[in-house]
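Could you slot chain Y onto chain A? The hints should help.
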Amino acid sequence: MNILVCISKVPDTTSKIAFTDNNTKFDTANVQFIVNPSDEWYALVRALELKETLGSGNVTIVTVGPAEDDAIIRKALAIGADDAVRINANPQDSFYVAAQIAEYAKTKNFDLILTGKETIDYNNAEVGGMIAELMGWEYITPANKLDVNGSIARIESEVGGETRVLECEMPLVISAAKGMAEQRIPNMRGIMAARTKPIQVVEPVAISAQVAITQFEMPPAKAGVKLIDPENMDELVRLLHDEAKVI
Amino acid sequence: MILKTWTSLFACFMMKLKLFNSRIKNYNDMSVLVFVEASNGKIKKAGLEGVVYGKLAGGSVTAVVCGEADAAEVSSLGEYGASQVFHVKKNYDAGALVDVMAAAADKVGASLIVFPFDSTGKAVAPRLSARMKAGLVSGALGVPSAGGAFKVKKNVFSGKAIAEVEIKTDKKIVAFSPNSVGIQKTGGTATVEEFSPAVKESRIKFVETKKLEGDIPLTEAELVVSAGRGLKGPENWGMIEELAKVIGAATACSRPVADAHWRPHHEHVGQTGVAIRPNLYIAIGISGAIQHLAGVNQSKVIVVVNNDPEAPFFKAADYGVVGDAFQVVPRMIESFKKFKASQH
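In the order they appear, the protein sequences are chains A and Y.
Taking our numbering, the leading residue of the first sequence gets 1, the next gets one more, and so forth.
Taking our numbering, the leading residue of the second sequence gets 1, the next gets one more, and so forth.
Incorrect hints may have been included.
[As the list claims (entries may be wrong)] Just some of the chain A residues that point at chain Y, by a computed CB distance under 7 Å: (1) V159; (2) V165; (3) L166; (4) T214; (5) Q215.
[To be verified] Partner residues are not named here, just some residues of chain Y that face chain A (Cβ under 7 Å, in silico): (6) G95; (7) R127; (8) E208; (9) H266; (10) N279; (11) F314.
It should be emphasised that the hints constitute simulated quantities derived from the structure, not laboratory data.
Backbone N, C-alpha and C fix where the C-beta goes; we use that ideal spot for every residue, glycine too.
Chain Y on its own, in the form it takes in the complex:
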């Protein structure tokens, strides 16, 4: 009788221990799925950062590489924190990528799915969220705080404030802002397997691709040179393009300039144009209206050139030059050229 009680007590204790262990295990082994985009053999930078994000969020990371990528690039994801890589070799459109990510999430039992908050992420993550009934935070600035509820911070009101958002569903999706956690190698290796789940046929027909003017896509550029009405007319953009070329920057413009057709619409940065967050944003002859600032205030460093010392942009700038753009910019070009030459 006593023995029996002891045995049952012991069994009960072991069960509790097992439950406790499994809880700990579940936490450490939280399965994280990361969407990684590739094209022309290369993995996109945002994809590497996604893997780092998944690792920092705490869990075993499975990277889903979508698109053509060299084998060496694919297996190198282990160095950034992935323990497993699924390689989807077909070039799918966003609709099919939702099917791919849903199948991969199912296969690994993912509790967290990570996307970069870029054009592909915006096309895929909301649909996956609605399909899986997994709460989504778009534009996360970092990884969730450890312990307790799952909360991440994101910019709101176009960078004028930050919100902490809690995801209340069991399965969670985070689309992180590029450059929010950075890219670092932590060492490690990943197993790689080809992954080809069934996808629904797309009703969207791809007709053609037209290259936009400019060599560097604005949204991916680390350096951006931008100009506004202070330049007086489209004929004066030569020096802006030259400056951009010297430092390897993309060119951008303010809304009035795009609306006056001095520059193409896709160069318009601001609240209603493109929002960017480059490392360096050089604004020339732009006064800095609040709507313009909303699109660029996430830039790491802002340089403002304006002949009006009262221009509101100076308040948001790290470095300011009060002077005539037509004199300052050519000098700037010469100084950057000198600097570039000294680097070789």
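Just chain A, with the same shape it has in the complex:
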């Protein structure tokens, strides 16, 4: 079974968020970049588990980004992916990224394409669905569990207080969410092996972006916490009712 896992480079979860160029560009100075958590912890790790369970198959990772993204690609390879593809372009918007990945995937023979449920930078949750549409494949989101039996993928999807159990003949695109797998820390052998694993560089196709960020701003600051006497919870309830008007 051949699995393609889409990964995205994002700022570390603890990064200080700031902007440059008159608040039009994200300030990357002193920012540590990581593999987007749900791409790594859920999509990639589950893909590796499926390969291990089946005893055969190949896990390829793909990202759209410039040469400096090789650092996060090596991290994903250290966790255990077999090979990697970097589409050599600056990601412009979700459609641009999805179209580049679909263009590449169409020339290959993948059974599954996995993405994380959303990236922690732009919080769009768009790329997976767009890839599915461009490939003409089915799409399941969110997928909280994934198993494969022959040519059938079995997915559990938690939506609105219930779990839907779904089955679909592969190929399909799946958006991986909490519950699917647990984070794996790369070991020394993995890190050493990742150094020599191949990263194929693919040139992008011409695609026009459909949306563009024109300006960033910081959210309004909180007014500050109002401390309440722990002996007097009647006062908390009164404030929630009279002042905050939420109960």
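Below, chain Y alone, put in the same frame as chain A:
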């Protein structure tokens, strides 16, 4: 000769006037299509808000109600701003809903299509966007600013910043964050017609539905009570569940609690779990790591209970209680009970 010149000039003037009028007309009559989900006879709250969103964005609103809904509920969409309702009575999965929305957009010549940014919106809108080559903004916080380019704001970096995004394509799709414009009735009536476009057969087989624990789905809850490692063990969640029950809240937890299997994974809120934006979020024994805050900082009001006055969560809180959860929470339950009794 002179007459002829005048006639042609007049014709030219009339043409320009017509063009001008048609431009104005086009603007006022921008056709807006709104996806409205229904189940068990009821229209989802996010669907009502979608109709309000479409109306505020400025245009004539066609609501596409998908799923079983009572006739009275369907026609009531006029009161929220719809002038036309298409009712799709079959229960379709997301793939078929893409076909439905594409057909409806084609039928009304929609220039703007509106979805709520919820689980169904996330499954349908990106696919429709790729199919129609219509630029999509996910998680919009409000309607586009009037005049000029089509720009909407959305949260980025998990709520740590806001971005203004321009959609550059002629056809546009917006998936709005629930609770961003609110729900209000403006009065009005809508015509209703049944709509049953052709859809491609789904390859996805529905096997079964299992109910998750808990009565109120976390992502739809207006009130949420959440607890963390400060509770010391899963055996101490009784008071959290009781508090949630008293006020009608959903229960949630922090990542370490879910990872230690004290609570089920679907209760984990935060950057890598579920992101929520309830009206009230009560956090008990959670220190407030930045990854946790990323999942809850869109809550309208945050109450933090922690015995450590230095807990970072207090900086993000509206109300704070510095004290031992095992003493504070039972008191809180009593106070809420008293309040509830006084409301009757």
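Here is how each hint holds up against the structure:
At its closest, the beta carbon of V159 (chain A) sits 5 Å from a beta carbon of chain Y; the interface hint therefore holds under the 7 Å criterion. Contact between V165 (chain A) and chain Y, as hinted, is supported at the beta carbon level, the nearest pair being about 4 Å apart and thus within 7 Å. Contact between L166 (chain A) and chain Y, as hinted, is supported at the beta carbon level, the nearest pair being about 5 Å apart and thus within 7 Å. The beta carbon of T214 (chain A) comes within 5 Å of a beta carbon in chain Y, closer than 7 Å, and the hint placing it at the interface holds.
Taking 7 Å as the C-beta contact cut-off toward chain Y, the hint placing Q215 (chain A) at the interface holds, the least distance being around 4 Å. Look at G95 (chain Y): its Cβ gets to within about 6 Å of chain A, closer than 7 Å, so that hint holds up. Hint status for R127 (chain Y): holds, given a least beta-carbon distance of 4 Å to chain A, under 7 Å. For E208 (chain Y), the interface hint holds, since its Cβ comes within 7 Å of a Cβ in chain A; the closest pair sits about 5 Å apart.
Interface restraint check: H266 (chain Y) against chain A, minimum CB-CB distance 5 Å, threshold 7 Å, status holds. Taking 7 Å as the C-beta contact cut-off toward chain A, the hint placing N279 (chain Y) at the interface holds, the least distance being around 5 Å. Annotation: interface hint on F314 (chain Y) holds; nearest CB of chain A at approximately 5 Å, less than 7 Å.
Checked against the numbered hints given earlier, the structure satisfies every one of them.
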